[in-house]
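Could you build the full structure based on these sequences and the hints that come with them?
All the letters of the sequence shown, read from the start, carry residue numbers 128 to 530 under this note's numbering.
Treat the hints with care, as some may be off.
Stated by the list, open to error - No farther apart than 16 Å at their CA atoms in a straight line, the calculated lysine to aspartate or glutamate pairs in the EDC-like style are these:
(1) K337 with D380
(2) K354 with D316
(3) K451 with D477
(4) K354 with D335
(5) K451 with D509
(6) K318 with E276
(7) K331 with D352
(8) K243 with E282
(9) K214 with D244
(10) K311 with D254
(11) K337 with D352
(12) K214 with E234
(13) K214 with D509
(14) K429 with D352
(15) K311 with E280
(16) K429 with D484
(17) K318 with E282
(18) K337 with D304
(19) K243 with D212
(20) K466 with D477
(21) K243 with E280
(22) K243 with E221
(23) K243 with E187
(24) K466 with D509
(25) K400 with D425
(26) K275 with D222
(27) K331 with D380
(28) K400 with D380
(29) K311 with D285
(30) K466 with D484
No lab work stands behind these hints: they were computed from the structure.
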Amino acid sequence: MRGDTPPRMDDLNDHSGSDDDDVPGELDDDIEIIEYYEGSGDSDSDEADHDVEGEATFPEPSRNDAATTFREHTGSVFACAVSPDGKHVVSGGEDDRGYVWNLQTGETLFQSTGHKDSVTCVGFNYDSTLVATADMSGLVRVWSVSAKELVWEFETSDLNWLEWHQAANVLLVGTADGSAWLWKVPSGDCKTLQSFGPSSSAGKMLPDGKRAVTAYEDGSVRLWDLKGGAVTHAVTGANAHSAAVTCLDCSADLVVSGSMDGGVKLINAGSGKVLASLRCDNDASGDGTNSVETVGLDPTVKTLAVGMLGGDLGLWDVGTLVQKQGCPHPAGVVKLLWKGPHCLVTACLDSVVRAWDTRSGQAVNSWEGHRAEILDVALAPDGRSVVTASEDGTCAVYRFSQD
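Here it is as structure tokens:
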């Protein structure tokens, strides 16, 4: 994981959008260790020049494909998200501010002010009526989008990640002290998912809205029952990663975790059993030089995409646990997003966004416009727009061509 990038209720049944009988299915019970050794992609990328006072200056891009560029931030932009209704973007940056702005025009709707540190986590609730911004110091602020007013805030310890519930105004965050907090907004009703010591490095809600998965800097992964606030399964000790977990994805039946050790684990979401450990890099030092930065299951849960800091992007068959395609990047893969079962969007440290046909492993489109590394990317719900956040202090909106 890049060291210079900030890290990235009593009853939820009343709000869940899933049926109670949606029980996770069973996967193969055999644990399989898959070794995949391949030379890492060329990780050389253009670095920002520095003037005599040490301030970074960024070269102009060879072309600018952005339909809209948002320039209100005065420092690096660390996070971005698109509202479920596709109307707005929220971005957070080094300037201790969040901005909510129009996806089509780039016009600012309002600012999320009052933060004490860089805003590194942002997100809209399920129906686009609320937006949350959170800073590295642990201050979480939630605003009404229509009223442009603060409706709730809470301050916890240093914050690493933030996730909204899929069908309720419930917010889940993870902190550096290893705790996770579950809040109803705006009432503030709270549950604390206990700390086990190591920092909580990643977390996600499962699709049923009743469970969550959290991951930690010691390589462990835990599954939680949100109603009871209790751990149901834990991947620890010899079954855990050998270094910090950097990313997670999940389906109803499967949890996928990626680590600084260059490995990926597939975990049965119902039993907590590790089904497979994929060795995606031959550097097992755990120093993060070619860590797994991003993982993602396609909508059919047939293909797993794994993006590496060294620039490799591997496409794995979930059923056979064999790598089907490799999609090399010239620099580290920051984040990947599935756009349907056969199209994958990636953001790269070379400041370029790419779309890939996962059947052929070929890039079918690319977008340029940033002058520095991309730090986050989001896809509009209709799949027609990609939003990026960059170290150059801007957000860009790129459009897919109409088919």
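Results of checking the hints against the structure:
Between K337 and D380, the direct Cα distance comes to roughly 13 Å. Compliance with the 16 Å bound is thereby established for this hinted pair. For the given pair, K354 sits about 13 Å from D316 by alpha-carbon distance, which is consistent with the 16 Å threshold. Between the alpha carbons of K451 and D477 the distance comes to roughly 25 Å, so the proposed pair goes past 16 Å and is violated. At roughly 12 Å between alpha-carbon atoms, K354 and D335 fall within 16 Å of each other, so this suggested pair holds.
Proximity of K451 to D509 is assessed by CA-CA distance (about 28 Å); at most 16 Å being required, the pair is judged violated. Of the supplied pair hints, the one linking K318 and E276 is violated, its CA atoms being roughly 25 Å apart against a limit of 16 Å. As the CA atoms of K331 and D352 are separated by approximately 13 Å, the hinted pair is consistent with the 16 Å bound. Restraint check for K243 and E282: the C-alpha separation of about 11 Å stays at or below 16 Å, so the hint holds.
As the CA atoms of K214 and D244 are separated by approximately 27 Å, the hinted pair breaks the 16 Å bound. With a C-alpha separation of about 15 Å, the suggested pair K311 and D254 falls inside the 16 Å cut-off, and the hint holds. For the suggested pair K337 and D352, the alpha carbons sit about 6 Å apart, so the restraint of at most 16 Å is met. Among the hinted pairs, K214 with E234 is consistent with the structure: their alpha-carbon atoms are about 11 Å apart, no more than 16 Å.
Between K214 and D509, the direct Cα distance comes to roughly 11 Å. Compliance with the 16 Å bound is thereby established for this hinted pair. For the proposed pair K429 and D352, the alpha carbon gap of about 26 Å is over 16 Å, so the pair is violated. A C-alpha spacing of about 11 Å is found between K311 and E280, which places the hinted pair at or below 16 Å, so the restraint holds. Proximity of K429 to D484 is assessed by CA-CA distance (about 15 Å); at most 16 Å being required, the pair is judged to hold.
Distance hint between K318 and E282 is fulfilled; the C-alpha atoms sit about 14 Å from each other, no more than 16 Å. Taking the CA atoms of K337 and D304, the gap is about 24 Å. The hint is violated against a cut of 16 Å. For the proposed pair K243 and D212, the alpha carbon gap of about 30 Å is over 16 Å, so the pair is violated. For the given pair, K466 sits about 21 Å from D477 by alpha-carbon distance, which is inconsistent with the 16 Å threshold.
The suggested pairing of K243 with E280 holds, with an alpha-carbon distance near 13 Å, which does not exceed 16 Å. The straight-line distance between the Cα atoms of K243 and E221 is roughly 10 Å, inside the 16 Å bound, and the hint therefore holds. Of the supplied pair hints, the one linking K243 and E187 is violated, its CA atoms being roughly 32 Å apart against a limit of 16 Å. For the hint pairing K466 with D509, the CA-to-CA distance comes to about 9 Å; that is within 16 Å, so the pair holds.
Proposed proximity of K400 and D425 is contradicted: the alpha carbons are some 21 Å apart, above 16 Å. About 20 Å separates the Cα atoms of K275 and D222, which puts this hinted pair outside 16 Å; it is violated. A C-alpha spacing of about 14 Å is found between K331 and D380, which places the hinted pair at or below 16 Å, so the restraint holds. Taking the CA atoms of K400 and D380, the gap is about 11 Å. The hint holds against a cut of 16 Å.
Pair hint K311 plus D285 does not hold up; C-alpha atoms about 20 Å apart against a cutoff of 16 Å. With a CA separation close to 10 Å, the supplied pair K466 and D484 stays within the 16 Å bound.
Checked against the numbered hints listed earlier, the structure breaks hints 3, 5, 6, 9, 14, 18, 19, 20, 23, 25, 26, 29; every other hint is satisfied.
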